[in-house]
Amino acid sequence: MPLTRPKSVLITLSLLILFTACKRDSANNSGSTSLDYYIKFTLDGNDQL
Amino acid sequence: MYNAEGNVNANAGGNYIFTGAAVKVAKFATSNNLALSLTSVTQIKTNITYVNYATTTAGNERAALATVSYIDPSSISFNSWGDEYKSFGIISASKISFSEITTTDLKGSFSGTSYKSINGTAEKHIITKGEFNLKRR
Numbered sequence: 002m003p004l005t006r007p008k009s010v011l012i013t014l015s016l017l018i019l020f021t022a023c024k025r026d027s028a029n030n031s032g033s034t035s036l037d038y039y040i041k042f043t044l045d046g047n048d049q050l
Numbered sequence: 092m093y094n095a096e097g098n099v100n101a102n103a104g105g106n107y108i109f110t111g112a113a114v115k116v117a118k119f120a121t122s123n124n125l126a127l128s129l130t131s132v133t134q135i136k137t138n139i140t141y142v143n144y145a146t147t148t149a150g151n152e153r154a155a156l157a158t159v160s161y162i163d164p165s166s167i168s169f170n171s172w173g174d175e176y177k178s179f180g181i182i183s184a185s186k187i188s189f190s191e192i193t194t195t196d197l198k199g200s201f202s203g204t205s206y207k208s209i210n211g212t213a214e215k216h217i218i219t220k221g222e223f224n225l226k227r228r
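Sequence order for the protein chains is A and B.
Residue numbering for the first sequence follows my numbering, starting at 2 and increasing by one per position.
Residue numbering for the second sequence follows my numbering, starting at 92 and increasing by one per position.
To be clear, the hints were calculated from the coordinates, so they are not data collected in a lab.
Just so you know, nobody snuck in bad clues.
Derived DSBU-like pairs: lysine-lysine, alpha-carbon spacing no greater than 35 Å straight-line: (1) Lys177(B) / Lys41(A); (2) Lys220(B) / Lys118(B); (3) Lys226(B) / Lys41(A); (4) Lys198(B) / Lys215(B); (5) Lys41(A) / Lys220(B); (6) Lys215(B) / Lys41(A); (7) Lys41(A) / Lys115(B); (8) Lys41(A) / Lys118(B).
Here the structure is a predicted model, which is why all the values come from computation and not from measurement.
Model the full structure from these sequences, guided by the hints.
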């Protein structure tokens with residue numbers, strides 16, 4: 002009997018790849034040189050990110 | 092914040108300069124912008140807190156300039172001023188320090204009180220718990 006992957010696994014993998022690609026594209030389009038670089042502070046007690 | 096970049100120890104006329112900035116909206120620098128400026132007569136090092144007021148505290152050093160600048164969402168600019176302007180009633184409270192200076196990254200902390208104009212009664216913002224990790228340019 003041939004080994005077949007359930008459709009749900011393929012769909013999950015596809016969504017994961019799509020999500021990763023979109024996330025990377027979003028970071029590139031933002032102009033951010035890297036998500037690791039940042040300035041954060043509080044302004045009058047309110048967090049600013 | 093985006094575009095978090097800076098440089099340090101650029102030498103201009105014997106002064107050592109650090110500048111760093113980031114914006115909240117990518118590539119849009121005219122609002123929600125935080126900028127740090129530091130000028131020292133000696134090379135800028137880690138583990139020293141550079142301030143914009145006279146100090147005798149161990150580990151602190153009075154910088155020629157230590158400025159925390161903030162541009163609010165309405166593009167109004169707020170700046171901190173050294174204690175040479177204390178006759179105007181302002182509070183000089185800028186602190187900038189580095190925990191790591193490498194060829195690629197600048198990490199550290201900051202705080203300050205920034206005013207809309209050089210006047211103690213002017214609108215101001217108190218900036219605390221500042222942290223930065225900047226891509227070195």
